[in-house]
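Engineer: Both chains are given apart, each in its own frame, so use the hints to dock them into the complex.
One letter stands for each residue in the lines below.
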Amino acid sequence: MSRLALVVDVVLLAVVLSLFSPRATGLPLHEWIGLGLFGIILVHLLLSWAWIATSTRRIFAPGHRRTRINLALNWLLFVLVLVEVVSGVMISRVALPAFGVATVEDGTWRALHNQTLNWTLLVLGVHIAMNWQALIRGVQRYFWSGARASE
Amino acid sequence: MSERPGFLAWLARTAARAIVIILAAGAVAGVVYLLVGAPEAAREYRQDEVARFAPTLAHGLGQLAGEAFLLALVVYASRRWCKVRL
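If you read the sequences in order, they're chains A and B. Note that this note's numbering numbers the first sequence so that position 87 is 87, with each residue one more than the last. Note that this note's numbering numbers the second sequence so that position 43 is 43, with each residue one more than the last.
The shape of chain B in the complex, shown without the other chains (with noise of 0.2 Å):
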């Protein structure tokens, strides 16, 4: 029981940090809305992706290998070339 107003306080604090984190997503997505603006019909895109993203064995490893080389690579040349640390 004594470990209980210690639980509590960390919820709290857990929490207004959650909500502090979860204002500066809803202010980024709400500026973000605002300078696209609501979905269009007139600007509407017609292809059927579910069918142009059924997954493949193939094609998903291929992407996934890729998408891991590519972020790989960047990790590597921010460390090699570009002196990236803290």
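This is chain A alone, in the form it adopts within the complex (with noise of 0.2 Å):
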């Protein structure tokens, strides 16, 4: 993991949080990093490319039973994210009426984005504990092993 990913993980951990805690960013806040969100999610993703392309190549070979999982894992927090994102700008209040642009607030929509937040928690979670080592190495890697060394 190089210290650019890291610090994005970092950085897209802080976001998510902020965005389930509505209550404390007040929602037009919530709302504008909702939006930012998937540039951060982009970047994550295209930090991650290598171990993505590698899996997706990996998905029918014998013995990658984990991988499979993994990546099955991912795609399912991909989609969760994904209509979390589309179900807030469908009833967005404040960011979407700056541009001009006309909503409704759907109760449907407004169903599916809260939700489908319970579920995009637990399998963060599960994302978060899969790559949980590598996190952990990148933090002594490059901040631990840093902040000791300058002592």
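Be careful, since some hints might not be right.
Stated by the list, open to error - Just the calculated beta-carbon pair ranges, DEER-fashion:
no.: 1; chain 1: A; residue 1: Arg65; chain 2: B; residue 2: Leu23; range: 25 to 31 Å
no.: 2; chain 1: A; residue 1: Val7; chain 2: B; residue 2: Ala15; range: 31 to 37 Å
no.: 3; chain 1: A; residue 1: Thr56; chain 2: B; residue 2: Ala9; range: 20 to 26 Å
no.: 4; chain 1: B; residue 1: Gly62; chain 2: A; residue 2: Leu42; range: 18 to 24 Å
no.: 5; chain 1: A; residue 1: Ala98; chain 2: B; residue 2: Leu73; range: 35 to 41 Å
no.: 6; chain 1: B; residue 1: Ala41; chain 2: A; residue 2: Ser145; range: 56 to 62 Å
no.: 7; chain 1: A; residue 1: Leu76; chain 2: B; residue 2: Arg52; range: 27 to 33 Å
no.: 8; chain 1: A; residue 1: Ala134; chain 2: B; residue 2: Leu35; range: 33 to 39 Å
no.: 9; chain 1: A; residue 1: Phe60; chain 2: B; residue 2: Ala54; range: 47 to 53 Å
no.: 10; chain 1: B; residue 1: Gly62; chain 2: A; residue 2: Val11; range: 20 to 26 Å
Stated by the list, open to error - Stretches of chain A that chain B covers, calculated by requiring three or more beta carbons in the stretch to come under 8 Å of a beta carbon on chain B:
no.: 11; stretch: 1–12
no.: 12; stretch: 32–40
no.: 13; stretch: 77–84
no.: 14; stretch: 121–135
These aren't lab readings, by the way, just hints derived from the structure by calculation. All C-beta atoms in this analysis are idealised placements derived from N, C-alpha and C, irrespective of residue type, glycine included.
Structural biologist: Structure follows, in structure tokens:
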């Protein structure tokens, strides 16, 4: 894991946690951060491209059960986050109207937005758990050892 | 100047990958939109969500801490009890 990938991951986690807490940010900031989320995810995916490409090539190869499960989990997380973003755009009260787009606060889209959130949190937790060792190694390599060396 | 072709190749490769991701995202968004349909006035939800989520320090910090705790709990349970790892 590169230093940039680790920084992007930490920023992404902070952004997602802030999105999970609209009472901390308020609805306007929640919507603007939500719109920006896709950009950060795009960078996150581009930095993980080598893994995505390798895993996709191995999907039908024998003996890669964990890779297949991890890839399926990552796809599920991608879909869940997209459902969150799309449903959030549909029920936007601040961001889209600011661009002159009239929105209808549709109850069905709102229910989808709220219910998908729970599944997103669950799958995100499993995603972090799955990549925990890589995260810890990255923190130790780029931050912890650097901090100790400068003491 | 000798690095320019390398940079352009990297840029083209990154752009191509970004397009793949955006197309995949568009496909997912399209399917969700087809399933749920366009927002309709008949299904309108009438509550002032801006007022409802007016940020307050106690509520905000409480929710942030709660969500962070829930996420940490899922990570812990996945690793400790479900043995989730690569």
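Engineer: Does each hint fit the structure? Answer for all of them.
Structural biologist: A quick look at each hint next to the structure:
1. Arg65(A) / Leu23(B): 25 to 31 Å: 28 Å, holds
2. Val7(A) / Ala15(B): 31 to 37 Å: Check failed, 22 Å falls outside 31 to 37 Å.
3. Thr56(A) / Ala9(B): 20 to 26 Å: 22 Å, holds
4. Gly62(B) / Leu42(A): 18 to 24 Å: With a Cβ separation near 32 Å, Gly62(B) and Leu42(A) fall outside 18 to 24 Å, so the hint is violated.
5. Ala98(A) / Leu73(B): 35 to 41 Å: Holds, at about 36 Å.
6. Ala41(B) / Ser145(A): 56 to 62 Å: About 59 Å separates the Cβ atoms of Ala41(B) and Ser145(A), which means 56 to 62 Å holds.
7. Leu76(A) / Arg52(B): 27 to 33 Å: Since the Cβ atoms of Leu76(A) and Arg52(B) sit about 30 Å apart, the hinted range of 27 to 33 Å holds.
8. Ala134(A) / Leu35(B): 33 to 39 Å: 35 Å, holds
9. Phe60(A) / Ala54(B): 47 to 53 Å: 52 Å, holds
10. Gly62(B) / Val11(A): 20 to 26 Å: Since the Cβ atoms of Gly62(B) and Val11(A) sit about 23 Å apart, the hinted range of 20 to 26 Å holds.
11. 1–12: Violated - the stretch 1–12 of chain A has 0 residues with a Cβ nearer than 8 Å to chain B, which falls short of three.
12. 32–40: Three-residue rule not met by the stretch 32–40 of chain A, so violated; n is 1.
13. 77–84: holds (count 4)
14. 121–135: holds (count 12)
Hints 2, 4, 11 and 12 from the earlier list are contradicted by this structure; the remaining hints agree with it.
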